[in-house]
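A.B. asks: Residue-level listing of the chains:
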Amino acid sequence: MTIQLKNIHTVLLLAGAVFLSSCQEVIELDLNTAAQQIVVEGGISDQPGPDTIKLTKTVNFSEKNTFPEVTGAVVKITDNLGNTEVLNEVSPGKYITNTIEGVPGRTYTMLITAEGKEYTSVSTMPAHVGLDSLTVDAFFGTLVVIAHFTDPAGIANFYSLRIAWNDTLLPGRDFIIDDRLEDGRAIEQPLFVRDENNPQRGLASGDSVTVYLEAIDENVYEYYRTLGLAQGGNQAASPANPISNITNGGLGCFSAHTSSTLKIIIP
Amino acid sequence: MPYFCGCLTPGPQFKPVMPRHLSLFIFLFVFSVHSFAQQKFTISGSIKDAASGEELIGAVVTVKELPGTGAVTNAYGFYSLTIPQGNYTLVVQSIGYETMSESLQLSQNIKKDFAIAVKAAEVSEIVLTQQRRDENVKETQMGMEKLRVKDIENIPVLMGEKDVLKTIQLLPGVKSAGEGNSGFYVRGGGADQNLILLDEATVYNASHLLGFFSVFNSDAIKDVTIYKGSQPAAYGGRLSSVLDIKMNDGNDRRFGATGGIGLIASRLTLEGPIVKEKGSFIVSGRRTYADLFLKASRDSALREARLYFYDLNAKANYQLNEKNRIYLSGYFGRDVLGFGELFGFDWGNATGTLRWNHLFGDKMFSNTSLIYSNYQYNIGLEFGDLSGKIISRIENYNLKQDFQYYPGTKSTLKFGFNSLYHRIVPGAITIDQADQVNEIKLTKKYAWENAVYASHEYKPAALLGLEYGLRVSAFSALGPGNFYSYNTSGEVIDTTEYQSGDFVKTYIRAEPRLGINYILTETSSLKAAYTRNAQNLHLLSNTTSGNPTDLWIPTSINVKPEMADQVSLGYFRNFKKNMYELSTEVYYKDLRNQIDYKDGAELTFNENVESELLYGTGRAYGVEFFLKKTTGKLNGWISYTLSRVEKKIPGINKGEYYPAKQDRTHDVAVVAIYEPSNKWVVSATWVYYTGNAVTFPSGKYEVDGRVLNYYTERNGYRMPAYHRMDIGATWYAKKSDKFESSWNFSVYNAYGRKNAYTITFREDPDDPSRTQVVRTTLFTFVPSITYNFKFK
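If you read the protein sequences in the order shown, they are chains A and B. Residue 1 is where the first sequence starts when you use my numbering, and the numbers rise one by one after that. Residue 1001 is where the second sequence starts when you use my numbering, and the numbers rise one by one after that.
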């Protein structure tokens, strides 16, 4: 059970909307332009590779959602044992690992040299936590997949869960957990799934759901948490960019994590 | 704690804090004490409403034979006037009341109570009170406005729920916190920088239901005063303003019932004598009933929903004898939101005030108050086999002693002390099945806040008025509990454990207050004021409209007292026999130890919430114009404020000044009330203001398949300008000695302006290759109807 106080405002707004009329309209707004900034996505996992680092750039808000790739960059990953590798750019902006391995407990440093600027990022791979099982339950007639796993006791653990619905990976990082409330316990995390473009469409019999449980380090958790704050709440008085572990103004995040996968077909 | 309340010269503890002003301070005190060593006598007593026996606050007694000599009743209706022996005619006045005069021979100290009658054509004199017609020119106090509940009756508001907090937003320098919101900002201060008092008890969260309604049921309220500039020394603890709300005392002559049925809420008030003309009581309640409609819904899920709020006010008073009177008053209110067994959320305030008025002779008035305030929220959750509760609470116990001494007509001395004990439960999560989920209990916070004050209102010459004073506050963070020190990246570097009763840290602050009034002509004056304020409770809120779960934190080893120095200058002018009043004030505020949040700050359930804060300075300045027409069939006012408030906080916006979220350049309000006959009053208000400073994205990027906003600076954009007109009409259907009834009709946002409540950014649902900007509008054209009645 995760209790998210920040959602209460949303609940209140919804409740208020029961008898307050509100309307939404698309408007034109003249927004400033911003100098382009590099965006890092990817990391290294304890599963067989290759692992991918994707480099793109920001665009102005009014432009199309076409994000230019950063090509010709030098992306180097080094672990704390001295193993090092320069990643290979296999397609524009996509850099993959070949030899370096993801091992729990090791600290990975990524150095990027792109367009004359250097960016570094450090992430430590936590201990592997595996999914025990997936079950299906119903809340108010809505089908929900519940992920079961066991939190290691006595240490602070952080998790991100991602879902592929009928083999399509859902965007975003909506399910993140810290173990403050559940240290050392059997965790049951319900995963609500709905189609963003068609909110009526939830899980149905015959659907497949693949759950990826990632154990992440605290900085990566902090990135995902502040990402939710910045993007989710339209009530936030001062939204800000999520707290990234990339230096020099780089956006996005570099994550050394473990991964565990299970798949279930909704009965 | 060395209080000096009993003596008239300040003790040596003032020396270290204000050496330069000390000699002046003593001189004026001593001077005032000697100024009545002549053959003079005192007339004292109370001024009441003849029909209800309610004490009148701010009623004026003047002496016909001694122009410019008079006394004003205090918060308990008491006045004291000391003049030379002789034959006089006393004139008693209060706005909305018949003027009463009485001749008397003064050859000894006498007690004289007055009961004055409400003017027959009362409605034509609605609008802001102003005791003596030219008080705004003659009084030293500036940056202050008074409202009586009668005054707000005809001003149209959202859903017809008349609301003092929404009416004060129409005054210059006071800004609305947003669409339909009862929250307010004063002269650039944040919402938590307003001290909101209900019968002296702090109200920590004055709003219901996301701020659309305030907790103040206007049927229970007698008088509202807002100090936005030079707060008298008797008040302290907040930087921007004091909103002092006093509850009705109840009719001590006969029983009565007042009530109203509105679109969203109904009200009922009962009042009457306990012992005729000796004591009275009043009980007032209000409740919304939107949830009753939900019960009628066909949707079983909606039927299980709970959504309502209520307020209960109660007060009783009893006069023990001529010299002693006691009052007991209280407030209890809750918002309740829930969904079957699954989710329950309630929050609200509770206050209680026990007061004892005592007269020492004819010239010294004393009030002793014992006050309790509480704000809390409770969340109950049930999830599968698990159920649990989240609670949070702030409360204080307050002993307050105030003396008012009236040595002569030129001087009034006020002094006293205040001792507050604060206890804050920042949050606790308890789980019924504790074996399955861990519980969290954040460290409770304790503090003791003390203050002594003295002020002297003094007229050294006919054209000059002075009011100067000093408040010294001491705030101590107390144990038990862990206190943390943090490094610049917010990590705990030191933890110290304190035991119960340990003083962790004490901050002593001297807060001088000074006001000067120079009368230029019979109808105009110049005023100047300087005020320093300290604030030791801070509200952490990172949402635009505030949230019931916002957390109050006390000053600690990391959080220093917020400080503000304000200088203001004003020109006051009345025209056409005081029919028009014009005031202009300019102010500049220097703010220190201001709080803002790190990017992505976690403010909820965080033991180390102080590590998420950043501290810096700020400045607020502006000019306010206020023109009102106080009499005639058409009355009302126009107010305009031009202002700016900026913060400078290392870690935000590269350490450069940036506009605070409540910064607005222009703010205009027009209020017009027209009374074509005794049966009808029609009214209209129009407001316009520049949009708040806000953070919008300048770019975007993609991670994990989602398009994200890219922000480049804090508060670098503006919401669109806001404007709105509301219209209202009141029809007085019946009016007799026994019964009155009226109908009130209003339309909020009469021309349907689509004001932005929020502006959000999202992927275009029809074209995923594009993003779009969405404006959410809450209220366009909201009509309402309210029926009000009164059995007398």
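Since the hints were made in silico from the structure, they are not lab data. Mixed in with the good hints there might be a few duds.
[Unchecked claim] The calculated DSBU-like cross-link candidates involving lysine-lysine, where the alpha carbons are at most 30 Å apart (straight line), are:
#1 A:K54 / B:K1734
#2 B:K1754 / A:K64
#3 B:K1445 / B:K1629
#4 B:K1598 / A:K117
#5 B:K1560 / B:K1648
#6 B:K1577 / B:K1629
#7 B:K1654 / A:K57
#8 B:K1138 / B:K1111
#9 B:K1150 / B:K1576
#10 B:K1363 / B:K1410
#11 B:K1246 / B:K1441
#12 B:K1633 / B:K1735
#13 A:K117 / B:K1654
#14 B:K1150 / B:K1629
#15 B:K1598 / B:K1119
#16 A:K57 / B:K1598
#17 B:K1410 / B:K1445
#18 B:K1222 / B:K1363
[As the list claims (entries may be wrong)] Label pairs and their calculated CB-CB ranges:
#19 A:E196 / B:R1644: 40 to 48 Å
#20 B:T1430 / A:G184: 56 to 64 Å
#21 B:P1650 / A:G130: 53 to 61 Å
#22 B:E1607 / A:G184: 31 to 39 Å
#23 A:T135 / B:F1293: 37 to 45 Å
Glycine is no exception: its CB is placed at the ideal position from the N, C-alpha and C atoms.
A.B. asks: It remains to establish, for every hint, whether it holds in the given structure.
C.D. replies: A quick look at each hint next to the structure:
Restraint check for K54 (chain A) and K1734 (chain B): not satisfied, since their Cα atoms lie roughly 77 Å apart, outside the 30 Å limit. Of the supplied pair hints, the one linking K1754 (chain B) and K64 (chain A) holds, its CA atoms being roughly 28 Å apart against a limit of 30 Å. Note on K1445 (chain B) and K1629 (chain B): the hinted pairing is violated, with a Cα-Cα distance of about 49 Å set against a maximum of 30 Å. For a cut-off of 30 Å, the pair hint linking K1598 (chain B) to K117 (chain A) stands: about 26 Å separates their Cα positions.
Under the criterion of a C-alpha separation no larger than 30 Å, the hint pairing K1560 (chain B) with K1648 (chain B) is consistent with the structure, at around 16 Å. Under the criterion of a C-alpha separation no larger than 30 Å, the hint pairing K1577 (chain B) with K1629 (chain B) is consistent with the structure, at around 11 Å. A hinted pair counts as satisfied when its Cα atoms are at most 30 Å apart, and K1654 (chain B) with K57 (chain A) qualifies at roughly 23 Å. Proximity of K1138 (chain B) to K1111 (chain B) is assessed by CA-CA distance (about 27 Å); at most 30 Å being required, the pair is judged to hold.
Only pairs whose Cα atoms come within 30 Å are accepted, and K1150 (chain B) paired with K1576 (chain B) is accepted, the gap being roughly 25 Å. Using a Cα cut-off of 30 Å, the hinted pair K1363 (chain B) and K1410 (chain B) holds, with the two alpha carbons roughly 13 Å apart. Distance hint between K1246 (chain B) and K1441 (chain B) is unfulfilled; the C-alpha atoms sit about 37 Å from each other, more than 30 Å. For the proposed pair K1633 (chain B) and K1735 (chain B), the alpha carbon gap of about 20 Å is at most 30 Å, so the pair holds.
Taking the CA atoms of K117 (chain A) and K1654 (chain B), the gap is about 21 Å. The hint holds against a cut of 30 Å. A threshold of 30 Å between alpha carbons decides the hint, and for K1150 (chain B) with K1629 (chain B) the separation of about 17 Å falls inside it, so the pair holds. A threshold of 30 Å between alpha carbons decides the hint, and for K1598 (chain B) with K1119 (chain B) the separation of about 57 Å lies outside it, so the pair is violated. Our distance criterion of 30 Å between C-alpha atoms is met by K57 (chain A) and K1598 (chain B), whose separation comes to about 25 Å.
Only pairs whose Cα atoms come within 30 Å are accepted, and K1410 (chain B) paired with K1445 (chain B) is rejected, the gap being roughly 46 Å. In summary, the hint linking K1222 (chain B) to K1363 (chain B) is supported, as the alpha carbons are separated by about 26 Å, within the 30 Å threshold. Evaluation of the 40 to 48 Å hint for E196 (chain A) and R1644 (chain B) yields a pass: the beta carbon distance comes to about 41 Å. For the pair T1430 (chain B) and G184 (chain A), the supplied restraint of 56 to 64 Å is violated, since their beta-carbon distance comes to about 19 Å.
At about 45 Å, the CB distance of P1650 (chain B) to G130 (chain A) disagrees with the hint of 53 to 61 Å. Separated by about 19 Å at the C-beta atoms, E1607 (chain B) and G184 (chain A) break the suggested range of 31 to 39 Å. At roughly 39 Å, the beta carbons of T135 (chain A) and F1293 (chain B) sit within the given window of 37 to 45 Å.
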